[in-house]
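Hey, can you piece these two chains together into the complex? The hints should help.
As a plain string of letters, each chain reads:
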Amino acid sequence: MLIFEHAKQGRVNYAQSPRADGDLTDIPDRFLRKSVPTLPEVSELQAVRHYTRLSQKNFSIDTQFYPLGSCTMKYNPRACNTLSMLPGFLQRHPASPENLSQGFMACMFELQEMLKDVTGMQGVSLAPMAGAQGEFAGVAMIRAYHEARSDNARNEILVPDAAHGTNPATATMCGYKVREIPTDAEGDVDLQALRDAVGPHTAGIMLTNPSTLGVFERRIKEIARIVHEAGGLLYYDGANLNAILGKVKPGDMGFDVIHMNLHKTFSTPHGGGGPGAGPVGVSERLMPYLPVPMVAQSDGDEFYWLTEKERPQTMGPLSAFAGNAGVLLRAYVYARLLGKEGMQRVAEYATLNANYLMTRLTEAGFDLAFPTRRATHEFIVTLKRQEQEVNATAMDFAKRLLDFGYHAPTTYFPLLVPECLLIEPTETEAKEELDGFVEAMARIDAEARENVELLKSAPHTLPVRRLDDVKAARELDLKWTPDRT
Amino acid sequence: MPFNPHTEDELRAMLDVIGVNDIEALFDEIPATLRSEGLSQVPPGEDEMGVTRLMHERSRADQRHLCFAGAGAYEHHIPAAVWEIATRGEFYSAYTPYQAEASQGTLQLLYEYQTMMAGLTGMDVSNASLYDGASALAEAVLMAVRANRKSKSKRILMPRTVHPTYRKVAHTIVCNQGIELHEFDYDRAEGFLDPKSLPEDPGDYAAIVIPQPNFFGVLEEVDALTNWAHAHGMLVIGVVNPVAAAVLTPPGEWGERGADIACGDGQPLGAPLSSGGPYFGFMCCRQDYVRQMPGRIIGRTVDTEGKPGFALTLQAREQHIRRSKATSNICTNQGLLVTAATIHMALLGPAGLQRVAGVSHANTNVLLERLDRVPGITRRFKRTVFHEAVIQLPMPVANVLRALSVQGIVGGVSLDAEYPELENCLLVCATETKSVADIDEFIEHLERICKRLQAVDCPVTPKM
Chain B
1 MLIFEHAKQG
11 RVNYAQSPRA
21 DGDLTDIPDR
31 FLRKSVPTLP
41 EVSELQAVRH
51 YTRLSQKNFS
61 IDTQFYPLGS
71 CTMKYNPRAC
81 NTLSMLPGFL
91 QRHPASPENL
101 SQGFMACMFE
111 LQEMLKDVTG
121 MQGVSLAPMA
131 GAQGEFAGVA
141 MIRAYHEARS
151 DNARNEILVP
161 DAAHGTNPAT
171 ATMCGYKVRE
181 IPTDAEGDVD
191 LQALRDAVGP
201 HTAGIMLTNP
211 STLGVFERRI
221 KEIARIVHEA
231 GGLLYYDGAN
241 LNAILGKVKP
251 GDMGFDVIHM
261 NLHKTFSTPH
271 GGGGPGAGPV
281 GVSERLMPYL
291 PVPMVAQSDG
301 DEFYWLTEKE
311 RPQTMGPLSA
321 FAGNAGVLLR
331 AYVYARLLGK
341 EGMQRVAEYA
351 TLNANYLMTR
361 LTEAGFDLAF
371 PTRRATHEFI
381 VTLKRQEQEV
391 NATAMDFAKR
401 LLDFGYHAPT
411 TYFPLLVPEC
421 LLIEPTETEA
431 KEELDGFVEA
441 MARIDAEARE
451 NVELLKSAPH
461 TLPVRRLDDV
471 KAARELDLKW
481 TPDRT
Chain P
1 MPFNPHTEDE
11 LRAMLDVIGV
21 NDIEALFDEI
31 PATLRSEGLS
41 QVPPGEDEMG
51 VTRLMHERSR
61 ADQRHLCFAG
71 AGAYEHHIPA
81 AVWEIATRGE
91 FYSAYTPYQA
101 EASQGTLQLL
111 YEYQTMMAGL
121 TGMDVSNASL
131 YDGASALAEA
141 VLMAVRANRK
151 SKSKRILMPR
161 TVHPTYRKVA
171 HTIVCNQGIE
181 LHEFDYDRAE
191 GFLDPKSLPE
201 DPGDYAAIVI
211 PQPNFFGVLE
221 EVDALTNWAH
231 AHGMLVIGVV
241 NPVAAAVLTP
251 PGEWGERGAD
261 IACGDGQPLG
271 APLSSGGPYF
281 GFMCCRQDYV
291 RQMPGRIIGR
301 TVDTEGKPGF
311 ALTLQAREQH
321 IRRSKATSNI
331 CTNQGLLVTA
341 ATIHMALLGP
351 AGLQRVAGVS
361 HANTNVLLER
371 LDRVPGITRR
381 FKRTVFHEAV
391 IQLPMPVANV
401 LRALSVQGIV
411 GGVSLDAEYP
421 ELENCLLVCA
431 TETKSVADID
441 EFIEHLERIC
451 KRLQAVDCPV
461 TPKM
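First to last, the protein sequences are chains B and P. Take 1 as the starting number for the first sequence in my numbering and just add one per residue. Take 1 as the starting number for the second sequence in my numbering and just add one per residue.
Please note that a few of the clues may not be correct.
[To be verified] Stretch-level coverage of chain P by chain B, calculated; a stretch enters the list once three of its residues show a Cβ under 8 Å from a Cβ in chain B:
1. 43-50
2. 153-166
3. 173-180
4. 187-198
5. 242-250
6. 328-336
7. 369-381
[As the list claims (entries may be wrong)] Listed next, the in silico SDA-like pairs over lysine to any residue satisfying Cα-Cα at most 20 Å (straight line):
8. B:LYS340 to B:PHE109
9. B:LYS340 to P:GLY38
10. B:LYS384 to B:LEU416
11. B:LYS221 to P:GLU29
12. B:LYS340 to P:PRO5
None of these hints come from the bench; they were simulated from the model. C-beta atoms are modelled at their ideal positions from N, C-alpha and C, and glycine is treated no differently.
Pulled out of the complex, with its shape left as it was, chain P reads as follows (with noise of 0.2 Å):
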């Protein structure tokens, strides 16, 4: 049932105000031929116990996996406070603080959310947020092609390592302005953009996309990219893992001048996994190109004694000034889940954040370590990870994954649906909130399926 607080009288009184019958009368503008027949596919309304009911047997249904499962979405330990404070009613049943005296909170934490991500990015100033890490991507690219001045190209270098949803999801959004996304491969041994590689005349392109770690989790040579690309006047677009980003070379320390705009997903820094949103999408930049950037920006200012106060800036980029001619259509952006990055930094600090990182990729390379003894395993690229990598199986990835399902084991992402060479290719990725003995039981698990699979499978077709 609603919400409504309305008795039986209020209602008399207030139809009684209006000059009414009855609250049918005020629907009386609406031609009688629109008006529907009633809801077929809508269950009646139940109690907020029932529904809870429920709501817990579909959890259940889904209960906790031991995961090994990254590709965009890890699964980190998020402190207790950060989604008690983040879901305040304060923060939580607020809107875009467009009265900024009656939206301090909200406008101060985004302030020092932006400092936050600036500062580790390595970037000089940062947006309120995004949608998520693959709509941010998109809206880089746009804003590269706008900002790049030099060149009048409307192609981007889009380099098959960055992840492939990522790549459609860009494709989707520019395609429709006439923007190109040029794929290009990288070195199939290694996992990596080589630099050696890349050509001497590249043409004319209006910026790069960088990512780091790169979706294999193998770390890119950014520093040769950078130079590469800006030698050819290229802007270039990093697209980071914000954890990763707290140990690894920033976006804007990359190569002689760093990056120009610097992307990603904010997830890793306080949000669930949660089926994969709500996310959010972050986006940092050079200062000279700060009137390019889409989305909502927040400054600091004085009020009419002069004190210091907070209020949204740039207005005129956005869409209910610009209208047709904005940087972008956004408007809602991920405002309560920036709210809960902003208190999860707070709450780690740099030694906390650098820590979470160092664990995760020591974690990894057990697993890796692990995975190595496992007969037929092997690690498909050799360079450095990060806190993911790519493992090669004996046999197809997906009958090993619905084997480890059954176990409540998500033991990866398949990856030979994206990158047909990469056969029986599983992208899998350990963060600090595994233990060994987690570790121990993923490989128990992989070692059986694999040799019970290759037992069934027997005999093989040989390979061509």
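Next comes chain B alone, as it looks inside the complex (with noise of 0.2 Å):
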């Protein structure tokens, strides 16, 4: 049921309705709205009620296990959300003067400093709201960068075919054409391809490392030399740094510029789908170009922002204000929390449990998309023995996976694997947890020889059954409409 199959006409919640009268004689009628916008008519346990309920019919990290690749599905701790919620940070306005805002700018300053730390980089800006915008906020200084040294032949970029489909929809924003790069067998970029590819019109390459494959690119050096000879920078999507946290500096491995998503490593909530935080880190050359605003920290230990003004060469602001300043708090509580060693234990149980696992699942029959290699943080399972033997796909074994109580893995994706499971545990779930999900699987790989269609047909005790995607695409149904239920 809808929230506006609740409502009824006329009802008010008088408890959210402010006591003094409002005023809109002044207004001259034809500024006016003559129509009653649609918003449900309920009481306040109504609302109540109608959303705890939409709530369990979710899966979670607080309700689930969660493995799904690439998006670093660990624990948020709660404090974090607490800490993040204090009247003084919620009460913030953004324009509020600096001599009003100092714990919060003390807290910015310190997590930009922890984070040029952990990245091995020269400078970092917490503006960008997401992921995807801190990858726009990188390409665009890249192109900053060109531009500056009037190199203006460059206009491609290189972007590994595994890559995930925000690099090549980032450097298509920044207006670059988009060049792909094979992948050899077993997982590491196609050097000889590389070699072939870069050239005057070389901007940049976009590598995650460890990639989208679950491993470590280990030639990442020569990839490095390769491009920077042609004159190309690096950008790194810190998409996987969850992996290598404390253990390797990207800026080590030379590249120029990265982005992280604190909402993976840092472990701000996914929210539904957001919100994220994007920052950017960069070396040297690429400093001036950052995007505002920044915090400084002044002789006098008072902090203050770096804007326009002071940084007149910057690529200019992402946000109305000073990007996701909610998100970027809790993944500076995490970062104090854990601490220096606590860091480097999340990459070594993040890599434990991910191997672990790996092992268990090869034990228990499956196929390992590159059975050479080591898992990093997280690894891929490869169904297409399954889909020919039996017609069991990576979407029927997803579906499946959800009867069992686990979210499933990402599926489909890397698109260069075919029937594919990425699977990420993180660190924070317990040995059994993990024991549990390798019986649920060896199950369904035994339900898919005996009876294929109990996966076919599955989810069976979800609240809906599999869902018509076609109809939602074709029939397009966006919004509800009063006359209709």
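Encoded structure:
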């Protein structure tokens, strides 16, 4: 039932209606709305009950194992939320003067400094509001760098074929052509293809390391050399930073610019699809172009904003104010809870869990996409054999896993591995949870051989059965209307 | 310390299964020369009690102030239930609803949100959110260039009455695709876009951006502007405040045909001020343009048993399918803020939201009346405003704001950096959260400070 179907005309929630009288009589009639907006008229209890019940129809980290590859669905410590919602933070207007903002700005400054250290970069801006916006900022800075040198022939960004879809989409938004670089049989970038692709038209390359294939790009130094010698810059997509936190710094690998997904590595909540935060870090040569605002500290230990005025070469602002400040606060609290030794343990135990789960699944008879490789914080199982033998696809396994109370891994990504499951257990899951997942997978594999229909018609135990996506796209129904339920 | 649950025995057992001696062995594919020496700028970990103490100190340092600033971020009352429910783990710790059957809660909520936003803006359809108002405007510009089939132009008319940072963000995001934002000036006396001043032959533009209310709080003549733009083959992008939209003509009803795209910042619908974010951007459009819209869109459909359910739809627009040909690179959006906004709108209902708008407007009028009585302070533009307005002080704004801040008052937003012609001008706002006593306190301090600064500043250099 929709919230609108709980509504009755004339029902008012008096507690949420200001007592003072509003008065719009001085506004000329031509400016005024003639219709009542389509909002539900429900009591407070009806609304609370409705949305509480809706929440119960979700899988979430707090209720289920959620091994969604490349998304780092680890526990979001509650303290991060509670402490970021203290009144001084919530009520601070973004235009508040600096002398009334020192508490907040201290957190932002320290977060910048910690992220610089973690990434091995010279400067960090917290401005981008999500990973994709961080990518945009990164590639736009690469462009600004080439333009400042009048190196205008560089019109192409290289992207491995395994890259996340945001990489090529970002390159396009920055006005670049995209050229894909193939992957070799072991999951590394094909170096010969890279050598053939680079040239005076190369603006840069966008790489994730560990890659989206769940393996560490072993020849990264060589890649950096090839691209740099051709005059291009290296962009690091930080989606998989959890795997190497405190162990390897992207700056040491030769990257010029990096974005981080704080909603992954720094455990800020995914919120049903955001908000995220995608800070960017840069090497010395890209420093002038960082997006504003940033926080600086004066000799007298006062914090102050850096804006276009102090940073005239900046690529500009990316949001109306200072980015997703509340998300940044959550990441700050998380970083302080972990500390330096905690951060290294994140990478260690994320890698331990992934390798353990990978080994157990192999023992249970599943095929790996890259069987000779070590798992990083994630790995890929391919169900190509199951698909060929009994017509059980990755989609079928994913839907059936839901019946066992597990959120499905990422399916059909990366695109180059057929029938793939990208599995990322994260460091916060216990061994027994991983063992339970292996058992469920083994059971589904057996079901596939005995009665594949059971998989094909899954899920069986959720609020809805498999949904008709084709109908959803063909007969668009994007809002409720009063004349129809 | 990290939140991993492993005991020493489990660690041993897991390493045995993998077949290695220690965790370090799991990093053996990483070249030794790349291994980090450790972190020098990250302090040691703290327990929750220690970090709690620190954060309380920091929060107290920025303790509650009396705030008369708006300029795109507005202090409204948020019902207690909004964030109680939005931060339930089932909403808070889920991700993008890729597995529809396991995400019906989020998906249905987003469908309800789309219905509410379409209703509020008077438009046909809504997406499931963008990052914020400024980036939503940038996406609207890109969308308009794609959607306007009649015009090949990559030029957009961008009035200076649009929020200055929105204009900058839009420029930052669209400039690399060869799109030009042509700024045009407002009526300096009245602070609005005078329809009488619009050229008869403006040239080829893909779209015009029309703010309502505009950055100065002033109401624009949206009907005349919309009709003029449509007559010249432009699409109309409305940038609106969603609380104002509850009482002002919604963009879908502007002029003869209505706006083509409506966008803005959803912050006034349940997001706390929170230093500027996270908020959320909303975007609505006419049905014809839905396939050009960026971001997630939720559709209602049926399952294999014919039961209604909800799913992500029109995904062929998005980066994970279309890659370099997608409508935008956006992936993660602002889901949790939309969750809060949906609950917020349901709790207020149409009458509650209209009342919030009405009281905010009335309070701003009270503020302006009192300001009018302060010697030396004048209202800069006389036209009707919604819930903020520009006032002119007898001295530089920065000094006044500094003095007010010592009293714990955020007195508004200075305009002279972005609008040199508005010397000594301040943008002030009073929402429903301000009582008459709050307003009196503000006026009292302002009057005293102006008097004192004038005395100190004497003799003043005469104005040229």
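**Report entry** Hints not upheld, ascending by number
**Finding:** 4 and 7
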